[in-house]
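2 protein chains.
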Amino acid sequence: MKKIRIGILGLGTVGSGVVCLLNEQRELIQRRLGVEVVIGRIADRSAHRKSAEGVPEDNLNTDFDGLLDDPDIDIVAELIGGTEDARRHILRALKNGKPVVTANKAVLAIHGEEIFSSAEEAGCPLGFEASVAGGIPIVRNLREAFAADRIESVAGILNGTCNYILTEMTEKGAEFAATLKIAQELGYAEADPAFDIDGVDASHKIAILANLAYGTPVDLEAIPTEGIRGIDAIDISFARDLGFRVKLIAIARETEGRLDIRVHPAMLPEHHPLSQVGGVFNSVAVVGANAGPQAFIGQGAGSAATASAVVGDIVEIVRWLRDNGGQSRLPAAAFLPDSRRRLKILSPKEVRTPYYIRFSALDRPGVLSRISGVFGNFDIGLETIIQKGRAGRDDHVPLVIMTYEASEESMQNALGEILSLDVVSPEYALLRVESDGTRFA
Amino acid sequence: MKKIRIGILGLGTVGSGVVCLLNEQRELIQRRLGVEVVIGRIADRSAHRKSAEGVPEDNLNTDFDGLLDDPDIDIVAELIGGTEDARRHILRALKNGKPVVTANKAVLAIHGEEIFSSAEEAGCPLGFEASVAGGIPIVRNLREAFAADRIESVAGILNGTCNYILTEMTEKGAEFAATLKIAQELGYAEADPAFDIDGVDASHKIAILANLAYGTPVDLEAIPTEGIRGIDAIDISFARDLGFRVKLIAIARETEGRLDIRVHPAMLPEHHPLSQVGGVFNSVAVVGANAGPQAFIGQGAGSAATASAVVGDIVEIVRWLRDNGGQSRLPAAAFLPDSRRRLKILSPKEVRTPYYIRFSALDRPGVLSRISGVFGNFDIGLETIIQKGRAGRDDHVPLVIMTYEASEESMQNALGEILSLDVVSPEYALLRVESDGTRFA
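Chains as they are written, first to last, in this note's numbering: chain C, 848 to 1288; chain H, 848 to 1288.
Please note: incorrect hints may appear among the correct ones.
As the list claims (entries may be wrong) - Stretch by stretch, here's where chain C covers chain H in the computed footprint (C-beta under 8 Å, at least three residues):
{"hint": "1", "segment": "876-884"}
{"hint": "2", "segment": "1108-1114"}
{"hint": "3", "segment": "1119-1130"}
Bear in mind the hints are in silico, worked out from the structure with no lab data behind them.
We treat Cβ as the ideally placed atom computed from N, Cα and C, and that holds for glycine.
Here chain C stands alone, though its shape is the one from the complex (with noise of 0.2 Å):
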């Protein structure tokens, strides 16, 4: 039986769980394929405190370079993280003709169009599903499944530090420092956990699912970003009362010819299927012109869940090396290289969507007919204004108003001047609110 040698750079939470996962899996493996796939060699920065089940310990050890440059490595499976020692590995294995796959968002979403030619010009399949959902199959379907759909939009909860933190908020009532903390201690939360909550990880997932959908490049810095440290306990529980959940979306859809991208809190009404969509758990809504809508719901992170997505690349690559010595059937990025072409990002300022507001505004007459005119002389139509509570006649209550779509830069206008009023305190929440009209009911 032909056997397949892969190479694994990185022997952490990933890389142990391909290890696992290979060893485990051999005899299906084989019954699908009619191949053997074994661990060839290993590198890793700490390897002398490390071993891997089958694998000697002299093919475990610190050479990345020779492990890149090994005849006998079939194909190169990257799992460092981290983006500069990974591009270089990953650019070295393409340039030796090597087949390689990778768990990881960043080196793809920063330096994805040089690894993509890369790719292109080696004629080497390039393997990413578990850069992006963890252990949800959506890469593979974007490039696959809906090759022949135009997509209208994707969009997804593609940070699971983040939706645990907000489903604990939604669930106990409990404040966004609090639950943090907690998220930490329990290891779902890194001790500096910007890059989570801050949605820089969600938009480097979005960056690469918006490129395989569209076929455009994606300048990271050019997608509005906006995590998830400003949300107060009391608005998740008054868009709980309005129907919504708030989750942390990262959305992309093309609208005349240009990329709506972004990350953001946003409230999704409850019967949007990513709002059922709780934990770490991720998922992604793609709405295709003639698949409709359709939900991917699963792990998008975890040791096993991320190997078996590796491992699946591996074997679909595996199959190619079988049949035609590697040459890729597939781009690496969707579409053919000459026929991808850049979409301009819309700025956040013409990006139109519902908002909720909440202002903390005095409870005296006349107060909502200032505010609701304000919205007015910018256009801005109001479908709920409740106020919350009642108040003596210097206190402030919270003033919840949902509004219909409005641009970004109207609403900030308008914010501005509202602001600007006597009766009403500089606090206040923003939510945008997405309502794609997905719904499987």
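Starting from the known structure of chain C, fit chain H onto it as the hints suggest.
Structure of chain H alone, referenced to chain C:
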């Protein structure tokens, strides 16, 4: 640019959708493939009454064999439905070395083994994404994304007609017969609805999914199959009070080397992902040993959604034709032919699940203890007993019982004995409870 010619058999709902999609997305497909995909010819029994955009009148006729033997046709899309003609056409296409795409679950469920081995012999790709769950890419994901994972279970809501009827019964409290009539008026149910509402359609689909997940031929007749005719509105309502939804589920799992596969109405916990899916939507939940629980939701039928799956398969096959002359890299049935092995199907008697039972019993002291005594004799543990309402000494009241896991055999024996008690009327309801622990929160 290379040109690939599709031959379409059947210009009904799906066939017209495919013509429309291929015309509409021609440019997108070229940007992804670098190949022009055109409709070469169409065979339809009522060709004289039909037309297709972009297809010359002469190329739309009733000559099925002419199309199948036409050397200019590169791929055949079988969209006529039914089993005998479809089987003949598919085999003829494969014999002629043409890759085949089909949306036909019946022909695959009944003649799958013959068709799969013909495809292997011919070395031709066989696409059948559209045969199960319409636009949801579940065939692709079982064949590819989960190729390296052991599937613990695959379960789905695979029949939109049943799901529509049960959703309506749940929301409106209406009875089955009246709801079926509305479904027929709306076109969601056929004039002869047996194929859908008796679970036959769902059994065809789960047979295909089990085949892919476990590498086993599945004998349709051996699948315990029960439809939704017997469902009473009152049980849906009681189930709801208990925190469950009633759904027609199709499920397959390997258990100790045998296949537990069945189709029946079941009570699912309301947080179960399949519970969230209403109306004509379909959903498939897959639990992978490594990938963990996943759910896929989308449109299970309809011209455009089904066409998107058909054309997705066509695009994949075009890549094969472009790169290596159509030699299939993927076994049609996911496992290599000689590594498939037939799993014996668990007999209904042996299947173990928790149960919901509703009796109609006299409201007298001692009745509860007599009934629970019988369950005790058959070693069936009871989780909940609820008497619904009070009645006079000679009146019957509903008695709702939830059991722990029990075999169908014990349950039928207990049931027989209980129904022979003089305090219990012969009318009763029995529903299995499915609770595989899949939840995404």
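Status of each hint after checking the structure:
1. Here's how the segment 876-884 of chain H fares: 6 of its residues keep a CB closer than 8 Å to some CB of chain C, so the rule of at least three is met and the hint holds.
2. Check result for the segment 1108-1114 of chain H against chain C: violated, 0 residues qualifying (beta carbon to beta carbon below 8 Å, three or more required).
3. With 7 residues bearing a CB less than 8 Å from a CB of chain C, the segment 1119-1130 of chain H meets the requirement of three and the coverage assertion stands.
Checked against the numbered hints given earlier, this structure breaks only hint 2.
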